[in-house]
Every structure is written in C-alpha cells, then in structure tokens.
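When you get a sec, could you build the whole thing from the sequences and use the hints?
2 protein chains.
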Amino acid sequence: MLQQARIRNSDFRSKIMSAEDAAALISDGSTIGMSGFTGSGYPKAVPLALADRIRAEHARGNPFRVKIWTGASTGPELDGALAEADGIEFRLPYNSDPVARQRINDGRMDYVDMHLSQVAPMAWQGFLGRLDTAVIEIAGITPEGDLIPSSSVGNNKTWLDIAERIILEVNDWQSPLLDGMHDIYYGTALPPNRVPIPLIRPDDRIGQPHFRVDPAKVAAVVATDAPDRNAPFSPPGATAEAIAGHILEFLTWEARRAGLPPSLLPLQSGVGNVPNAVMAGLIDTPFEQMTAFTEVIQDGMLDMIEAGTLRVASATAFSLSPEKAQYFNDNAARFRDRLILRPQEISNNPELVRRLGCIAMNCLIEADIYGNVNSTRIMGSRVQNGIGGSGDFARNGYLSIFMTPSTAKGGAISAIVPQCSHVDHIGQDVQVLVTEQGLADLRGLSPRQKAEAIVARCAHPAYRPMLEDYMARAARLSHGQYAPSLPSEALSWHQRFMETGSMMP
Amino acid sequence: MLQQARIRNSDFRSKIMSAEDAAALISDGSTIGMSGFTGSGYPKAVPLALADRIRAEHARGNPFRVKIWTGASTGPELDGALAEADGIEFRLPYNSDPVARQRINDGRMDYVDMHLSQVAPMAWQGFLGRLDTAVIEIAGITPEGDLIPSSSVGNNKTWLDIAERIILEVNDWQSPLLDGMHDIYYGTALPPNRVPIPLIRPDDRIGQPHFRVDPAKVAAVVATDAPDRNAPFSPPGATAEAIAGHILEFLTWEARRAGLPPSLLPLQSGVGNVPNAVMAGLIDTPFEQMTAFTEVIQDGMLDMIEAGTLRVASATAFSLSPEKAQYFNDNAARFRDRLILRPQEISNNPELVRRLGCIAMNCLIEADIYGNVNSTRIMGSRVQNGIGGSGDFARNGYLSIFMTPSTAKGGAISAIVPQCSHVDHIGQDVQVLVTEQGLADLRGLSPRQKAEAIVARCAHPAYRPMLEDYMARAARLSHGQYAPSLPSEALSWHQRFMETGSMMP
Numbered sequence: 035m036l037q038q039a040r041i042r043n044s045d046f047r048s049k050i051m052s053a054e055d056a057a058a059l060i061s062d063g064s065t066i067g068m069s070g071f072t073g074s075g076y077p078k079a080v081p082l083a084l085a086d087r088i089r090a091e092h093a094r095g096n097p098f099r100v101k102i103w104t105g106a107s108t109g110p111e112l113d114g115a116l117a118e119a120d121g122i123e124f125r126l127p128y129n130s131d132p133v134a135r136q137r138i139n140d141g142r143m144d145y146v147d148m149h150l151s152q153v154a155p156m157a158w159q160g161f162l163g164r165l166d167t168a169v170i171e172i173a174g175i176t177p178e179g180d181l182i183p184s185s186s187v188g189n190n191k192t193w194l195d196i197a198e199r200i201i202l203e204v205n206d207w208q209s210p211l212l213d214g215m216h217d218i219y220y221g222t223a224l225p226p227n228r229v230p231i232p233l234i235r236p237d238d239r240i241g242q243p244h245f246r247v248d249p250a251k252v253a254a255v256v257a258t259d260a261p262d263r264n265a266p267f268s269p270p271g272a273t274a275e276a277i278a279g280h281i282l283e284f285l286t287w288e289a290r291r292a293g294l295p296p297s298l299l300p301l302q303s304g305v306g307n308v309p310n311a312v313m314a315g316l317i318d319t320p321f322e323q324m325t326a327f328t329e330v331i332q333d334g335m336l337d338m339i340e341a342g343t344l345r346v347a348s349a350t351a352f353s354l355s356p357e358k359a360q361y362f363n364d365n366a367a368r369f370r371d372r373l374i375l376r377p378q379e380i381s382n383n384p385e386l387v388r389r390l391g392c393i394a395m396n397c398l399i400e401a402d403i404y405g406n407v408n409s410t411r412i413m414g415s416r417v418q419n420g421i422g423g424s425g426d427f428a429r430n431g432y433l434s435i436f437m438t439p440s441t442a443k444g445g446a447i448s449a450i451v452p453q454c455s456h457v458d459h460i461g462q463d464v465q466v467l468v469t470e471q472g473l474a475d476l477r478g479l480s481p482r483q484k485a486e487a488i489v490a491r492c493a494h495p496a497y498r499p500m501l502e503d504y505m506a507r508a509a510r511l512s513h514g515q516y517a518p519s520l521p522s523e524a525l526s527w528h529q530r531f532m533e534t535g536s537m538m539p
Numbered sequence: 035m036l037q038q039a040r041i042r043n044s045d046f047r048s049k050i051m052s053a054e055d056a057a058a059l060i061s062d063g064s065t066i067g068m069s070g071f072t073g074s075g076y077p078k079a080v081p082l083a084l085a086d087r088i089r090a091e092h093a094r095g096n097p098f099r100v101k102i103w104t105g106a107s108t109g110p111e112l113d114g115a116l117a118e119a120d121g122i123e124f125r126l127p128y129n130s131d132p133v134a135r136q137r138i139n140d141g142r143m144d145y146v147d148m149h150l151s152q153v154a155p156m157a158w159q160g161f162l163g164r165l166d167t168a169v170i171e172i173a174g175i176t177p178e179g180d181l182i183p184s185s186s187v188g189n190n191k192t193w194l195d196i197a198e199r200i201i202l203e204v205n206d207w208q209s210p211l212l213d214g215m216h217d218i219y220y221g222t223a224l225p226p227n228r229v230p231i232p233l234i235r236p237d238d239r240i241g242q243p244h245f246r247v248d249p250a251k252v253a254a255v256v257a258t259d260a261p262d263r264n265a266p267f268s269p270p271g272a273t274a275e276a277i278a279g280h281i282l283e284f285l286t287w288e289a290r291r292a293g294l295p296p297s298l299l300p301l302q303s304g305v306g307n308v309p310n311a312v313m314a315g316l317i318d319t320p321f322e323q324m325t326a327f328t329e330v331i332q333d334g335m336l337d338m339i340e341a342g343t344l345r346v347a348s349a350t351a352f353s354l355s356p357e358k359a360q361y362f363n364d365n366a367a368r369f370r371d372r373l374i375l376r377p378q379e380i381s382n383n384p385e386l387v388r389r390l391g392c393i394a395m396n397c398l399i400e401a402d403i404y405g406n407v408n409s410t411r412i413m414g415s416r417v418q419n420g421i422g423g424s425g426d427f428a429r430n431g432y433l434s435i436f437m438t439p440s441t442a443k444g445g446a447i448s449a450i451v452p453q454c455s456h457v458d459h460i461g462q463d464v465q466v467l468v469t470e471q472g473l474a475d476l477r478g479l480s481p482r483q484k485a486e487a488i489v490a491r492c493a494h495p496a497y498r499p500m501l502e503d504y505m506a507r508a509a510r511l512s513h514g515q516y517a518p519s520l521p522s523e524a525l526s527w528h529q530r531f532m533e534t535g536s537m538m539p
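Listed in order, the protein sequences are those of chains A and B. Under the working numbering, think of the first position of the first sequence as 35, with each following residue one higher. Under the working numbering, think of the first position of the second sequence as 35, with each following residue one higher.
Because the hints were derived from the structure by calculation, they are not lab data. A few of these clues could be false.
Identical chains blur together in the list; that is why a pair holds if it fits in one copy or across any two.
[What the hints assert, rightly or not] Calculated cross-link-like contacts (lysine to any residue; reagent style SDA-like; alpha-carbon spacing at most 20 Å): (1) K251 to N43; (2) K101 to G478; (3) K101 to L479.
This is the structure we're talking about:
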C-alpha cells in the first residue's frame, strides 16, 4: 500500500487525508508557497481541489483568491486550474501557464517577475509578507521524519522553513531512486551572517539528501500518483540546427583561443529545442567529461550522459519530455550518480555561477542593434514567461550567449530591432548573440561596433536593409553618436506590428 | 631627495628617467593599462608627455593613437590631455572626463562601458587583446622591490601582472602613511580554478599590502609630485537634503522592520552631493559602528569616522574633494586603521556584495514608471559617464536604492519618464526609488503597482499629470496590461526635448 511504502513515519501517516480536506485548510487571501519548477515536482491534487473549492465559493458569491509563490513554472493542475477559477490574485516568481499568462496580460492578476536566485533570500527578508501555507510535493518521508525531495527542489527548503502550516503531497509516480540525488544546503543565512558557499566543482555535495521539517507544522499528508507534465520534445528543425551549429563552432574556437580545458566549463542552458540541439551537437565535439551547472536537466543532457560526454549535471529540477521522464524513471539507477538537484538559491547563485565560470546559453524574444536583450515581454507590455534565471547566469557567467531565430510569426516579427521594447539583459551581459543567420561576438566592442556586427551577422536579410537604413539616418540625426538612436522611430517597428500585424512596412 | 626616500630599491632607482623618455617607449597603436579610479592615483606625468608626443607626431602628419584601459575615471592630465590631443582610439571601462566624453559622443572614440568588477577577469580572459604597457602611479617602492599602492588600487594588480612593459610613477604628494592601508588579494583565478573569496566582514584583510612586480618588466620609473584631482565638494542643497531625508527615514524604518543590527549593513554609495548628504545624515541616526563596502571613500565617510559612526570603510579608491584630500594627507594616521583599499575586482565583487548584503545607493539619469533605470545615457544616445559599479552592487545588494532629483535642467527634463531611453538597471534590480518628492518602495510590486507608486511619490508635480495621462491611455490602448505601454509615444518626451529643449509640451 502506498502510504506504507512511501510514508515511513507513523506521525506523518496519521495526517493522511484527502486533497479536498487538505484544501479546506486554506482560506481566502492566503499566501501559499507551492513546490514546482518547470513542469516538475509541483503538487498535483491539492491545487485542483483548491480550485474546485474556489469555484464553489465564487458560485456562492463569496470572494476567494490566494497569493501563489513557487519555484518557477508549474503544471496545468496548479497555475492553470487556479487561474481558470480566477483564484490567483498574486503570483511570483515565474509563470509559463497560458491561462495564468492571459489573466496577467488582461490586468486581472498581479505578477512579480523575479531573478530565481533571489526568491528564497527575499522571502527571508520579509518584505513579501508572511507565508501562510506550503504545499510541497515530495517523493517520500523517511522513518526519521525527513522529506525525500521530488523531481524539483526549487524553493521548497525555504517554504518548509518559513510557512506556518505545511501540506505534503507524496507522489507515488516519482521514482524511489530520486532518494539520494538531492543536495539540500542548509548553510544560507541573511546578512550579516552569510558565509562563503563551499562549492567549487559542479559535482560537490555540500548539503544533505533530505528536507528537514517541523512535524508540528505539517497539517496534512496527501497521497498522489500522477506524472509531471513537461512540454513534449519537439525535434529541432533547420533553424535550431543552424543556431546550434554556430554556437558549437564558436565554443570550439573559444576553447582553443582561451585555452579552456577539454571539459570546457560548466554549461547552463535555457529550455527549448535550440538548447537541446546544442546539447545534441556537443556529443560530436572533442569536448569530454563535461559538466552542467544549470537550472534544469533536459532531454539532451541525459543523452550526453549516456554518450559519455557529460560527467555530471547540477540543477534544481528536471525538465524532461514525457517520454524522457518515463525513460528516466525506468532507468534512474543509470543516472542517479550523475545528477544533483539543489535549491534554486544554490543552482542559480551568482557567487557560484561566477566562481564556476558557467557558459550561459539563453533564449530571447528580441535583441536590439546595441545588444540589449528582451527575454520576457511581447511588444513591451505583454509578459511571456519571465526572466527566470537568465539574469543570474548571464551577468555572472564566463561567457553569456543569447540565441533566437532571426524572425518570428512567419517573418512578421524581426528578432533584431532598432530598440528593444523592454530590456531584461543590458549590453554588458550579452556577449554573444546568435541567430540561424550567424553569430556576433560582441565582447570588447563599442555600441556602434556591436550594431555593425549584429545587423550584418544576426539580422534576417529581409530586415537587414531596414536596420541599415535606421542606422544610417541615426548616424546623421541622433542626439549623440555613442549609440546613435532616433527616439521618434526606435519603437516604430513594434507600433507597426500592433497596427498591421507585421513589422514589415 | 625624493628618489632616495620613496624608491628604496637600487634596481628600480637605476630605471629613473624623465616622463618624456618614458613616454617615448610607447608606440602608436599600443594598448595601455593606466592606474586611476575617480580622480585618484592616476599617473600624472607620463600621459601628459605622451599627449605632447602624440601632438608632435600628428603635426608631422603621422598617425598616433592608443587604447586606454583604466580602473575607472581619471584626471584631466590623463583622459583630458590624451583626448584633447586626439590620441585615444579606444577607452574602457568608465570615463567622466568632459573632453573624452565629447569625443565619444561625436563618434570619434570607441568606448566600452563595463561592469567595474568584470574588467580584471575579462582582461585575463584575453578577448580584449594584449596589454602592451602599464603606467601605474604608486606611493613608493620597498627595499624588496614591491610596490606601495597609491590613493587608488583599481585594476593595477592586473595591469602589472599582464602588461608586457611597465612604467611606474612614484608620486611624492601621496601620503607615506598610505603604506599598509591596502589589501591586495592574489587569490583570484580564471575558472575552472576559482575558489571562494575568504572575506566575510568588510574589515577582513585577505591579501598583502603591496603589489608584486616582475622587475624585468619595469622599463621606467618616473618621479612626480602632483596632487590627485577630484571634484570640489559642493554643499548639498535643499533637493539633496530632501532626498537624503527620505532615505534616512526609510533605512530607519527598514532596520526596525527587518531586525537589522545597529550597525545596519555595509553601505555602498555612489559619488556626489546627494550621497554625501546621506552620509552626513547618518551621523545623527541611532546607527552605530557602521561599515562601508563600496567603490570610493568620499568626504562624508571621513566625517562619519571622525564622528565615531563609521567603524571601517573598504573601497578601491579615495574620491575626496581637494580640501578633504589635503586634510586626509595631514591626518592620515588618524584614518589609516579605518580604511582599506582593495582591487576593484574585490571591492565590487558580486560574491562579496551579496554575502555582505550591501545597502546600495546609486544615482541615476532617468527612471521609468516601471522602475527601470537609465544611469548612463542622455536621450539614449549620448553617454554621460558609464555604468561603473552600479550594476555590481544593485543586483547583488541586500537593498538597492536609486536616487535623483525629480527634474533636471531647471525643470525641462523629468527624471521620471514613460519609458527609459536606455536601460542600465532592470526593474528587478531597482528596489527603492527616491527623489526630493518622496520615496517609492517597489519591492514585491507588480509593474502596474510600481507605476502607481513611482508617479505618486517620486515624479515632480509638474510632470505628474502627464504621466497619469499616459498611464490612463495605456490602460485603454496597450497591447497588454501587464506593463501597459504605448510604443508610439513612450519615447516622445525625449523627442520633444531634442526638438524644443524641454520635455514639457
């Protein structure tokens, strides 16, 4: 029986109840710290039951909305269900659920988009308010009453520590072999009591495998058996392959130029089919015994481990396609010594990213000719997902690469624009820009030199003459010639898209 | 005799020569690493002699331009003289010289604006090219052949290590009591060999007092006797006093709310009369035994030390008014145990800024209603100085405060605009915004909540109705309601200023 096998502590067994009963413990206006990072390790039953309860209260004419803190994105059973029920008034720090996104962009849900490394320390700082309830998925409870983390760690350590009441979901779907893969570091503190984080290699273990928890705070234990839900794998097309090819060529050149070791430096990689194409391509390079120090473990990293290219990956969560997640669960023994999951305040920690010298590879929505990057906002005003950990890695890595197809929406949008409609990453933090057209190494260039390189190497040929025309007129008419710009038309491409459906005149 | 007193090593004494002879060692196209951070510790004779040489070569019709790397800004004898001679083709990482600035904004000098913590590691990475010559001001040479640093450390350790040839200026004006104040840490490395920086308190000394140098690389030693040149002290007016008042009130409230210690947390403070007013005000608060972990030691910090409020200040340079610099030189014994000067890769290190939990206080040019900050560019295209260390501190500090008068140019420019014409600090890194009008605590707010707070509390009343009108129309017409904006007029205030001389219609 599930409860016997996974919940090996009688005190916790006595708290087993239904998701509905657990959800009844949550009241209108509560702040809830949920587990979950990408589609992994989020609670799958209590949020659904809470959404039902919220709908019922709304039907009775009663207000019921909650504030949700998570690790990053979650699954449809959490953000989707609660947003659908109009049950979320406030959300942090990252969201990729389409229903929640629509509510945010309709102005009906407040959303605070945060650097993922900063969520836990800022929660400790206290200005975000009190955390009433933590709802945390785990893979099991030890006889001693410690918690075996699930397929993501995220901010769970912090939610368990600071929440006044705790609801646990024990998910039988998660592999029992997750036990031992986690490294939960309890050495963080607020200043003036912070000390160096004693991690100097991606595979260092500096903590313990389990969460500790005050059993007196645990109000409910709910048994579940439901899969994580991450995006299905989409095979990289020609565009992704081309981008990956440019990056692989560059990394090979840079490793030779800079005398980097054969294991290169720890990789950080955003989510998506372009990063997966880079991972796939790394299998065929001369690099060996590589490491990853990153947010999420993706399909491509498991392939690299099996190919012998990747020695170890450190992250805070899995982000595997459904097929690969099943494959992992069926073959966990083969991977468990090669994978480490840590709290996101450690996986994304600037101190560690800088010390290790991560090679940061992140996707973007648009870049401007001066190398500023917008990773989050469509036309400046609609949020797509959020900044996530890109700022943690891009500013502190040894090398910061940003990549994108050069156009979107069938060519109606140019990813290279005169000026970003919103900036998430300033020019200083964007060292290499890549599209399927080519790669621009922006290191050590002045703004005008960057503009030449970006337009010539990264812009789509259909938009290149328009960018050259802008630059030529800015060179005549701009207020200053350091980074020539024409405020009267710097955002006109976005305006045109909103009016006509295309940035192309 | 000067040479005997300051140059206590015979090998170095044999290399004494005139500034003109030393400048003759530098050739057209060279890359030169100069000492200097703010107006402190920059070489005062060789750059002037080099400027003379460049002018002479130009008069003969010969090309002669060099690439200049520094710590940050320098003095008129360096950037001013060389720019005036049209002798600089490339400059990094920060400049505040008006002549050089004009050349940059005329498009006649390439300028790379860098995070100050990253200059030394990036120079080691090698992509900036080879450093031909270092020209370093020092306060003396020990009998063992080590170098006693001057009134700034900046990137000198790195320039001395990587340059192929070294020219030293020994400046008799600098106080002999500087000897022992510096802490030069030689434990940095490139990844994969980086280790934790063993500093956990602002007053920890983790290095050695002197620079080491390969004597074989030292080609010239030049004797000088010339003062540093920093900006004169300007007494804070009513606006600066009001801004400081808001910040002091907030810090007092925050210390109580968050349970901060009576010594608060280490202060980082930008340069100028507003930060000096904050320092002056801190003398009269209940805070005691405070510390500073910052870039520069300003007038106000010496006052705080004399008042007993400040226990220790760690920085990379002095930035004292001429009167205060003289006062320091006359009373150095009183201060030397309270002041530590470090390389800027340490003074500004993100690992340390985050560990110590600095309270970052920086100035800005403009902020937009969503809390993005432009610290560097006038109307988006003209650079003022550069980002300096503001990004090192703002992203990693415990608290990031940005401050500005609400208007400039007699009211013709609003410091609060619908959208920044350039972004140096994204909303996530701007937690508190202050003008003489008031203070907005932006922590934990969504973009629309930030806009309400910033317009109500920080905008000048003359511009507030215009901002409210923009927000009201954006709330109706924007593509998305997450951060409502109207690209067709988001930069129209800047356009209007360029056309009419005022942002006011």
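Evaluation of the provided hints:
1. Proximity of K251 to N43 under the C-alpha cut-off of 20 Å is restricted to the intra-copy arrangement: shortest distance 15 Å within a copy versus 69 Å between copies.
2. Taking identical chains as interchangeable, the C-alpha atoms of K101 and G478 lie at most 20 Å apart only when they sit on different chains, with a minimum of 12 Å there against 44 Å within one chain.
3. Proximity of K101 to L479 under the C-alpha cut-off of 20 Å is restricted to the inter-copy arrangement: shortest distance 13 Å between copies versus 44 Å within a copy.
In summary, this structure violates none of the numbered hints.
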